[in-house]
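Asker: Chain B: place on chain A using the hints.
Chains A and B, in that order, give the protein sequences. Using our numbering, the letters of the first sequence map in sequence onto residues 1 to 384. Using our numbering, the letters of the second sequence map in sequence onto residues 1 to 384.
Where hints are given, some of them may not hold.
[To be verified] Partial chain B-side listing against chain A, Cβ under 10 Å, derived:
1. 50
2. 55
3. 101
4. 137
5. 253
6. 255
[Said to hold, decoys possible] Below, simulated DSS-like cross-link-like pairs (lysine-lysine); rule was C-alpha separation at most 30 Å, straight line:
7. 26(B) - 263(A)
8. 266(A) - 103(B)
9. 249(B) - 26(A)
10. 263(A) - 2(B)
11. 266(B) - 103(A)
12. 2(B) - 2(A)
13. 39(B) - 263(A)
14. 2(A) - 103(B)
15. 249(A) - 26(B)
16. 39(B) - 249(A)
17. 263(A) - 103(B)
Hints in this document: simulated from the structure, not taken from any laboratory. Source: prediction; values computed, not measured. Heads up, the beta-carbon is just placed ideally off N, CA and C, and yes, glycines get one too.
Number of protein chains: 2
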Amino acid sequence: MKIEVLGVGTTKFGELWEVSPRTLVKEAVSEALSDANLKLANIEALYVGNMLSGILGGQENLGALFAEELGLFVPAFKIEGACASGGLAVHNAINSILAGVYKTVLVVGVEKMTDYNPGEVVSALMGAGHDEERLAGMTFPGLYAMLARSYMEKYGTTERDLAVVAVKNHHHATLNSKAQFQFEVSVDQVLKSPLVADPLRLLDCSPISDGASAMILGSERQERSKTRKTVWITASSVATDSLGLVGRKDLTSLASAVEAARKAYKMAGVNPQDIDVAEVHDCFSIAEVIACEDLGFFPKGEAAGAIAKGKTTLGQGRLIINPSGGLKACGHPVGATGVKQIVEITTQLRGEEGLRQVKGAKIGLTHNVGGSGAVAVIHVLKNE
Amino acid sequence: MKIEVLGVGTTKFGELWEVSPRTLVKEAVSEALSDANLKLANIEALYVGNMLSGILGGQENLGALFAEELGLFVPAFKIEGACASGGLAVHNAINSILAGVYKTVLVVGVEKMTDYNPGEVVSALMGAGHDEERLAGMTFPGLYAMLARSYMEKYGTTERDLAVVAVKNHHHATLNSKAQFQFEVSVDQVLKSPLVADPLRLLDCSPISDGASAMILGSERQERSKTRKTVWITASSVATDSLGLVGRKDLTSLASAVEAARKAYKMAGVNPQDIDVAEVHDCFSIAEVIACEDLGFFPKGEAAGAIAKGKTTLGQGRLIINPSGGLKACGHPVGATGVKQIVEITTQLRGEEGLRQVKGAKIGLTHNVGGSGAVAVIHVLKNE
Chain A
1 MKIEVLGVGT
11 TKFGELWEVS
21 PRTLVKEAVS
31 EALSDANLKL
41 ANIEALYVGN
51 MLSGILGGQE
61 NLGALFAEEL
71 GLFVPAFKIE
81 GACASGGLAV
91 HNAINSILAG
101 VYKTVLVVGV
111 EKMTDYNPGE
121 VVSALMGAGH
131 DEERLAGMTF
141 PGLYAMLARS
151 YMEKYGTTER
161 DLAVVAVKNH
171 HHATLNSKAQ
181 FQFEVSVDQV
191 LKSPLVADPL
201 RLLDCSPISD
211 GASAMILGSE
221 RQERSKTRKT
231 VWITASSVAT
241 DSLGLVGRKD
251 LTSLASAVEA
261 ARKAYKMAGV
271 NPQDIDVAEV
281 HDCFSIAEVI
291 ACEDLGFFPK
301 GEAAGAIAKG
311 KTTLGQGRLI
321 INPSGGLKAC
331 GHPVGATGVK
341 QIVEITTQLR
351 GEEGLRQVKG
361 AKIGLTHNVG
371 GSGAVAVIHV
381 LKNE
Chain B
1 MKIEVLGVGT
11 TKFGELWEVS
21 PRTLVKEAVS
31 EALSDANLKL
41 ANIEALYVGN
51 MLSGILGGQE
61 NLGALFAEEL
71 GLFVPAFKIE
81 GACASGGLAV
91 HNAINSILAG
101 VYKTVLVVGV
111 EKMTDYNPGE
121 VVSALMGAGH
131 DEERLAGMTF
141 PGLYAMLARS
151 YMEKYGTTER
161 DLAVVAVKNH
171 HHATLNSKAQ
181 FQFEVSVDQV
191 LKSPLVADPL
201 RLLDCSPISD
211 GASAMILGSE
221 RQERSKTRKT
231 VWITASSVAT
241 DSLGLVGRKD
251 LTSLASAVEA
261 ARKAYKMAGV
271 NPQDIDVAEV
281 HDCFSIAEVI
291 ACEDLGFFPK
301 GEAAGAIAKG
311 KTTLGQGRLI
321 INPSGGLKAC
331 GHPVGATGVK
341 QIVEITTQLR
351 GEEGLRQVKG
361 AKIGLTHNVG
371 GSGAVAVIHV
381 LKNE
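Here chain A stands alone, though its shape is the one from the complex:
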């Protein structure tokens, strides 16, 4: 499989009260078109990743809505799979290109979450979970707190060990002008922040965010850029698991991510050791620890220790995780996240990231999760 990433763009993530989803999408798409040196007329289909527009805003039919807004009257689709909506949109866009049905496809991930009461948003996000969990009043911090407790019990990991994830990702975000939180936090700050769902504290949790990210994908291009490296997607894989935690045998790993990773490595012909840079779904600090192990980057029980030693930190480690700041510090507009991850890896593999550039990065990976691991999407990218 070889799909070219022709262009990428992203808005700033954050509390963007002054703009609408339409404006966010136009900004991200405009940047992606300009980056690809393409015009709207070159685009043959539009894939939109979004989760909450229906529940929070009563607005569906986002494929047609953004097609109209962009003045791009091509086949348009909304793909939804909770916080993995963006990654799943990319997967389906890729399939349509591999099918030979569309040649050049625009993918947009977008979410507008901060216009609503936070309680409403937390409740809406439970639309990603099992109805029994949802109707019982469970929240996503609560679900991931159970993963954290289970993990801590099994591996002796402490709250302090988990806090290093937030510290690293906040550090990376200080180098990202598009990030929601461009400031450092210390382990002590994380440990002193309010408890949200024991053992997870405020600074263990990704924020509620607005933002849009876009990319243009193609099977081949007549004229290759001579001024920058070409980036290819060499694997796109999806796997599912039980919707709720009650269906799981093990709460210290996400089986969907393990399975999607296995397929992706096989498809791309690479091993975990070949990955230079990854954007993983750190919706909570525990999620990044588990992700690093599910992806085969570290043995079970050892990821938190490796992160603490700087093995995934810019300028220190060999395999850099979440150089953008991740969901934790770059922000997590849920439908946009899976797209933004690929935008970040693309610019990393082109060597365009300046201060937060992972030096010599050749192979990158994205890991996007929906719900508490009900669905996972993995993409592998490489430059040439």
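Answerer: Structure of chain B alone, referenced to chain A:
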């Protein structure tokens, strides 16, 4: 393009208060698997078409939800495009097969609408429309009433002319044990039914419905059935138009349907005159009249007259429209509709429909519309 329809199934459509969406999906899938003589283990991916689960029920992530419910832990996706969600799910499932990514794919369309206050449902359905129309208090009967007024003014069509669509589709539904309304209505009954949005009356409108439909698609099969005809999808096309009516030059045609039809005929290598049977998106009587013209079945302004003469009625005409009873009388669980249309055409092309069989049908078409024409999906099928 040649995608085999390996198996199909559908629940009864109607007010199904005693069952959940999960039960509906299981029933439709079980029927499709049995019809295909396949097991769950043969299925490599799941595509779900649904519009309202988020807005009405707060439940998203339906790909993973139904994967879990079926015990089918394969890649799973929800595709949404308002009332075209089912057709768009089929389109993306087909692309994934053409891409060689998945070999045997299950598509499910489902909607559960009658558990809610009808006012809530009418309001939720406006999630398919332009936000300005929605926030102004417009409803879908109101939008289609504007199409009807514009059409009547241009072609001199009367309310009586439109009523024949409902009369025909109710007649067809008397022959369909899965239909929501298995009773005849007369032109006078339509004309005496309460006015919903002038000139559209209650019996011009499709109902609020529950239901699920499923199909299994594949690229090729080792063993072909010797006891029944094989049905192939030979075209799958999508087009978009402005989300709201304010963006349209002409309210007597849906440009998205015209464009999708043009592409579908080209892809399948057929003409409108080759179609023996079609399921079209008759959400309102005027919609079927416009659909028949957009699809090239009759010249502009002549469809209502042709329908009145029985040219599309079972046992009378040569090109039978909506033998299932259509959205009007078979019912319109919105996410299921685009899938059900293909289920109906498949069994028609196999010659399995008994009393409502279109004799000698060889080529069929489905026409599925989202919003007031913002998106249209056309599939062409043939037997062999």
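Asker: Sort out which numbered hints this structure fails and list those numbers smallest first.
Answerer: Result: hints 4 and 5 break, sorted rising.
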